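When we follow the numbering used here, the leftmost residue of the sequence shown carries the number 5, and every step to the right adds one.
Possibly wrong hints are sitting among the right ones.
[Stated by the list, open to error] When the alpha-carbon atoms are kept at most 20 Å apart in a straight line, the in silico EDC-like pairs for lysine to aspartate or glutamate are as follows:
1) Lys77 / Glu56
2) Lys47 / Glu59
3) Lys77 / Glu49
4) Lys77 / Glu61
[Said to hold, decoys possible] What follows is a list of derived Cβ distance ranges for each label pair:
5) Gln85 / Val30: 27 to 37 Å
6) Cys121 / Ile166: 15 to 25 Å
7) Met75 / Thr35: 34 to 44 Å
8) Glu59 / Gln81: 16 to 26 Å
9) Gly11 / Ala71: 50 to 60 Å
10) Leu50 / Arg92: 21 to 31 Å
If you are wondering where the hints come from, they were derived from the structure by calculation, not from laboratory data.
These numbers come from a predicted model, not from an experiment.
From the three backbone atoms N, C-alpha and C, an ideal C-beta is built for every residue, glycine too.
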Amino acid sequence: MLSVQQGLKKEGFSVPMTKLCRWFEVARRTTYYKPIRVPAKVKAELAAPIKEMIEAEPSFGYRTVVALLGMNKNAVQRTFQLNGWQVRKRALGHRPRIEANISHAELPDQRWATDLCRVWGGMDGWLAQPGAGDRLSYPTTTVLSRTGRAATVSAALGQALITRYSTVGEGGSFVLTMAWSSPVATTPD
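Hey, can you work out the whole structure from these sequences and the hints?
Given below as structure tokens:
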């Protein structure tokens with residue numbers, strides 16, 4: 005509006021701002037309004053408990069801090085952003101996978117392993133069937149379970165060792181390790 009008024013003044017016409025606003029059907033206060041951007045400030049009373057929590061647990065993001073402290077989400081997020089405490093997002097795309105060591109066993113009873121598959125149990129639904137046995141022979145034992153937890157697989161390995169040796173831990177030395185997500189028994193070389 006101000007530029008229109010100045011253009012008319014150059015041509016020799018003096019038109020008041022009230023008349024221009026009426027002609028263009030614009031409110032006068034919108035023509036005089038100048039937005040003033042106040043820089044955002046961090047409140048010390050909000051930042052102190054947030055800082056303490058971040059120092060104790062650096063992996064916490066603003067949502068976790070909000071849930072634990074019971075503060076306003078927007079205030080906590082603004083404090084994170086202004087102080088540079090924002091947790092970085094995980095990179096998207098392909099990341100290299102962990103390289104697994106290949107299991108070598110030249111003789112029987114040198115390396116045991118477990119596996120898990122799911123089978124349909126009819127009215128019981130899906131069941132987990134962990135198998136455990138020597139790497140060079142067929143599985144020596146299988147059990148059925150409603151859950152496929154590590155404890156189930158570990159129990160199958162223990163049952164296989166009992167079936168083969170009548171005891172676990174006595175008469176032979178076994179080293180139980182976790183390879184991938186299932187237990188593996190090996191005899192020391």
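In rising order, the numbers of the hints this structure does not comply with:
Hint check: nothing fails, all pass.
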